[in-house]
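Keeping the supplied structure of chain A fixed, place chains B and C upon it in accordance with the hints.
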Amino acid sequence: MTAASGEADRDAEVEPADGAPSIMFGSCPIPIFEHKQIVLGHGSGGKLTSELIDTIFRPAFRNPILDKLDDQAVLTIGGARLAFTTDSFVVTPIFFPGGDIGRIAVNGTVNDLAMSGARPLYLSAAFILEEGLATVDLRRVVESMRAAAEEAGVQFVTGDTKVVNRGKGDQIFITTTGIGVIEDGLNISADRARPGDKIILSGFIGDHGMAIMSQRENLEFEGAIESDCASLNGLVASMIATPSEGARDFIHVLRDPTRGGVATTLNEIAKRANVGMMLREQSVPVRESVKGACEILGLDPLYVANEGKLLALVAPEMAEEVLRQMRRHDLGKDAVIIGEVVDEHPGMLLMKTEIGGTRVLDVMFGEQLPRIC
Amino acid sequence: MCLAIPGKVLEAYDSRGMRMAKVQFGGITREACLEYVPETLVGDYVLVHVGFAISRVDEAEAERTYQALRELDQLTELETPVVEEIEPGGYRQ
Amino acid sequence: MKYLDEYRNGPIAAKIVDEIRRVQTRPWVLMEVCGGQTHSIVKHGLDHLLPEGIELVHGPGCPVCVTPLEMIDKAHAIAKKPGVIFCSFGDMLRVPGSDGDLFTIKSQGGDVRVVYSPLDCLKIARSNPDKQVVFFAIGFETTAPANAMLAWRAREEGAKNVSLLVSHVLVPPAMAAILASPENRVQGFLGPGHVCAVMGYSEYEPLSARFKVPIVITGFEPLDILQGTLMTVRQLEEGRAVVENEYSRILNRDGNPTAQKLVASVFDIGDRKWRGIGTIAQSGYRLRREFAEHDAERIFNVDDIDTKEPEACISGQILRGIKKPHDCAAFGTICTPQRPLGATMVSAEGACAAYYTYGRHLEQHRAQLGAAQLVSVESLVGAA
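Chains as they are written, first to last, in this note's numbering: chain A, 1 to 373; chain B, 1 to 93; chain C, 1 to 384.
Bear in mind the hints are in silico, worked out from the structure with no lab data behind them. Since the structure is predicted, the reported quantities are computational estimates derived from the model, not experimental observations. Among the clues, some could well be false.
Below are the DMTMM-like pairs computed for lysine to aspartate or glutamate, each with C-alpha atoms no more than 25 angstroms apart in a straight line [stated by the list, open to error]:
#	chain 1	residue 1	chain 2	residue 2
1	C	Lys-273	C	Asp-295
2	C	Lys-106	A	Asp-54
3	C	Lys-106	A	Glu-130
4	B	Lys-22	A	Glu-288
5	B	Lys-8	C	Glu-6
6	C	Lys-81	C	Asp-99
7	C	Lys-131	A	Asp-170
8	A	Lys-36	A	Asp-170
9	C	Lys-261	B	Glu-31
10	C	Lys-261	B	Asp-44
11	C	Lys-2	A	Glu-295
12	C	Lys-81	C	Glu-70
13	C	Lys-212	C	Glu-237
14	C	Lys-43	A	Glu-130
15	B	Lys-8	A	Asp-170
16	C	Lys-2	B	Glu-35
With the rest of the complex left out, here is chain A:
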């Protein structure tokens, strides 16, 4: 990558008439994209993660189901349509306001299944425990998983446990895999997004990510920010059951905006379906506490992880109905339409800011880092 315009060597100080050096201000150092080693950013759900998936995993495992790149695989086996998904949970600290690693391990997988419209049925859990983990902590995590599974109406039917040496595993890692069944007539997938669809968000964003942030060393702050960790299958079931005169397929896309937040998730859908999207900043609900925490760290709530929220792209004629239906449910009581899918700028997510301007929301690169600048 060379400077194409052929100007003089950057560091040369050419003296103009009055003696002040000629300036080429701030050349941008080229950031690294090809890494020889895995870095933390590869796990944040942004561009680095996509890059990893595209360059290493997909070429090895290529098949039409995988290529759909939804959060779950939809399989047709003996006439039944099954949703199948897996997820690993490595969050630190393992206990945080509003939840713990066990609770997210259940809800995360339940939610991935629910996002295809499936009724989640069975889960497996594989534990990697670090030598030295307090047994009482393990009990607490497992009890939390029991309670979450009960709430979600799923059962753990198989599992595995391994122990690694002290220092080789951050207290506890959990991988859950889930299976659910999808009713006939439902076709919920990113590629179904259509211009005109309304974008519905089920509630306040940024709670989970900032709850975690509030516990991270050197970034603590006080305040009642709790993770919103919850299983969404009940809400999804009621949304699907919204009375409608026509066909049942008015919900086109469902996604839970976890890592990377609402902005990253909507970008994924936009690119997958090759549609544009326009959001309205004023419609996006953020709690004052989350807002304050984001402001002081220089973070954007639209990129912060959520663990109990969903985005729904709904056919315009049914949007208000679905919204009403959602608001009757505990997890959807703050649901709101935040924008729509449009014809213009396909693949791009734009937002009308509260001040009246327009802004492009790109996909996050790596982790969102607190900034001073």
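This is chains B and C only, laid out in the frame that chain A set:
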């Protein structure tokens, strides 16, 4: 540079010989150092950058200048009708 | 949030824009000095609201961009050393040196930690008495009081395992350099609000007088930036060139004397190398001799580093406002949000990333918007 946010001083105390405060930003509070704004009282608003209050908000001046902004349309003859202002925060809780 | 939310008021923004339109008779090129101001402009889509003919160009106010490669390489060399806990503000973590960034070093086993406040380093040092805690003290004058306090307290508390790697830069010499350049297009400046909260703005008066440019010390919220723009345009239209203060709720001409005093007792001023430019005389802070015990550059032997300057991109010219992103041969081709060429593109909202992404789409988008350039108040109230 210079991400600095105004917050309200809820409490002031000494810590290891430095004047510190609990400062409230929206719904959360964080500790900040008051060494550079020694005249600060509880209830004042300060501007905090990387954990340090670097200035106090002059509330009277803020009021005065904001009022001037609101009155801008009395200087310009706008054809559009006078509109209700959106309350700060809009939808947000 | 008080003193924040009200400065994001849509209808008032529209009024200010209408007033700018009313007083403006010809095109003007303004520069907002601070990276934080650029952030705000792009985040809120403010340049989209401004009338045609008011051009805002991004200034050099990003310590990430201007930290010399040698300094970054030194930071990396120190971070790699066993027994070192390397602490930094988040901004610097992804900035590449000649070989890797701090994240890479972390992945190789280096103890690299993000801190929010420099004082956090003291806590880390107390908990790790057998380790060397090194803090990457970068920034403009805004951050100097915080960084100075770390050095001061380290000495007071006898915290022998705390040191600072200092790379502080000053705004007025940078502005002078921009103004003195024969290719300078900038006619007015939105001055750095938070830098001046610390330093006051008396240093900008000689600049304004010598180069005959208006400098309006401006805040960071949308209404601040729009009001600062209005005040600058008014001066330009009236043929005036003085320093004015838009951000009066936060600062006055003297700034913060308490902070200035401590900064002066910890740092002195020396020549500094700016990345991509070279050395600007008397443009940076360095630790005074009395703090030698806490000066990481003196403590760690990191002089024999092989610094490899990467191939130049022309963002230097873009940052000076001489070229636009779409003038850059790399823009949109080799250099895109997907494959960025600049450090300022590294963070999700990096000035360049936002600017480039926004700008690129803006060309197509503007054509479609057409008459929407005239922002009406109704369109801002309960926009559906």
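Cross-check of the supplied hints:
1. C:Lys-273 - C:Asp-295: holds, 18 angstroms
2. C:Lys-106 - A:Asp-54: holds, 24 angstroms
3. C:Lys-106 - A:Glu-130: holds, 21 angstroms
4. B:Lys-22 - A:Glu-288: holds, 17 angstroms
5. B:Lys-8 - C:Glu-6: holds, 16 angstroms
6. C:Lys-81 - C:Asp-99: holds, 15 angstroms
7. C:Lys-131 - A:Asp-170: Holds, at roughly 22 angstroms.
8. A:Lys-36 - A:Asp-170: Satisfied, since the Cα-Cα distance of roughly 23 angstroms is no more than 25 angstroms.
9. C:Lys-261 - B:Glu-31: At roughly 23 angstroms apart (the allowed maximum being 25 angstroms), Glu-31 of chain B and Lys-261 of chain C satisfy the hint.
10. C:Lys-261 - B:Asp-44: holds, 23 angstroms
11. C:Lys-2 - A:Glu-295: The given pair, whose Cα atoms are some 12 angstroms apart, holds under the 25 angstroms limit.
12. C:Lys-81 - C:Glu-70: holds, 17 angstroms
13. C:Lys-212 - C:Glu-237: Holds - the C-alpha atoms of Glu-237 of chain C and Lys-212 of chain C are around 13 angstroms apart, at most 25 angstroms.
14. C:Lys-43 - A:Glu-130: Roughly 43 angstroms separates the two Cα atoms, so the pair is violated.
15. B:Lys-8 - A:Asp-170: The given pair, whose Cα atoms are some 37 angstroms apart, is violated under the 25 angstroms limit.
16. C:Lys-2 - B:Glu-35: holds, 23 angstroms
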